[in-house]
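Asks: Sequence:
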Amino acid sequence: MTEWINDYYFWIKWVHYLAFVSWMAGLFYLPRLFVYHAEHKDNKGFVEIVKIQERKLYFYIQTPAMIVTLITGSLMLHAHKEVLMVGAGFMHVKLTCVTLLIIFHIHNYYCLKALANDTSTKSGKYFRIYNEFPTIMFIIIALMMVVRPF
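Sequential numbering from 99 applies to the sequence shown in the numbering used here.
No lab work stands behind these hints: they were computed from the structure.
Ideal placement from N, C-alpha and C gives every residue a C-beta, glycine not left out.
Keep in mind that a hint or two might mislead.
[To be verified] Across the chosen pairs, the derived CB separations fall in these ranges:
#1 Y115 with M183: 22 to 32 Å
#2 K154 with H178: 44 to 54 Å
#3 L175 with H138: 35 to 45 Å
#4 Y107 with M183: 14 to 24 Å
#5 D140 with K211: 19 to 29 Å
[Unchecked claim] Taking lysine-lysine and the BS3-like style, the derived pairs with C-alpha atoms no more than 27 Å apart in a straight line are:
#6 K220 with K111
#7 K211 with K142
#8 K139 with K149
#9 K139 with K154
#10 K139 with K211
#11 K111 with K223
#12 K223 with K154
#13 K223 with K149
#14 K149 with K220
#15 K223 with K142
#16 K154 with K142
#17 K223 with K211
#18 K211 with K111
#19 K179 with K223
#20 K211 with K149
#21 K154 with K220
#22 K223 with K139
All chains, full assembly: derive it from the sequences and hints.
Replies: Structure (structure tokens):
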């Protein structure tokens, strides 16, 4: 299997980048929709539109992009296991951040459901702060992959 991956490594990497950018776009934007939703609960027409946007973003863009990101990332790791060895701490930090983003992604689902069912008690301010988490993870991941500080 590794030979096949190596033959198509740069194509896999290209798909990985596209999927990662799409996943991150969803992780950046969905919490922003949560802010608008939480701050305009009394505007039923607006909230109904935001609910549709939230659902479509999560299920049709964000989740498929995450799955493709994880599959292509796993293929690249399988082909280059050496990046998990001693002296490749950057990859351990990156994978920790990816794990945290997966948890954040799953938590987005619970927020989406609570907002869709009108049972969320979270404020717009909460979601504004919540919205910063993927940005921090993105900065760390980009730093680890470009600079590879350790």
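Asks: Compare the structure with each hint and give your call.
Replies: Hints versus structure:
no.: 1; hint: Y115 with M183: 22 to 32 Å; verdict: holds (24 Å)
no.: 2; hint: K154 with H178: 44 to 54 Å; verdict: violated (35 Å)
no.: 3; hint: L175 with H138: 35 to 45 Å; verdict: holds (43 Å)
no.: 4; hint: Y107 with M183: 14 to 24 Å; verdict: holds (19 Å)
no.: 5; hint: D140 with K211: 19 to 29 Å; verdict: holds (21 Å)
no.: 6; hint: K220 with K111; verdict: violated (38 Å)
no.: 7; hint: K211 with K142; verdict: holds (17 Å)
no.: 8; hint: K139 with K149; verdict: holds (11 Å)
no.: 9; hint: K139 with K154; verdict: holds (19 Å)
no.: 10; hint: K139 with K211; verdict: holds (15 Å)
no.: 11; hint: K111 with K223; verdict: violated (37 Å)
no.: 12; hint: K223 with K154; verdict: holds (23 Å)
no.: 13; hint: K223 with K149; verdict: holds (19 Å)
no.: 14; hint: K149 with K220; verdict: holds (15 Å)
no.: 15; hint: K223 with K142; verdict: holds (20 Å)
no.: 16; hint: K154 with K142; verdict: holds (18 Å)
no.: 17; hint: K223 with K211; verdict: holds (19 Å)
no.: 18; hint: K211 with K111; verdict: violated (33 Å)
no.: 19; hint: K179 with K223; verdict: violated (42 Å)
no.: 20; hint: K211 with K149; verdict: holds (10 Å)
no.: 21; hint: K154 with K220; verdict: holds (21 Å)
no.: 22; hint: K223 with K139; verdict: holds (14 Å)
The structure fails hints 2, 6, 11, 18, 19 (numbered hints given earlier, in ascending order).
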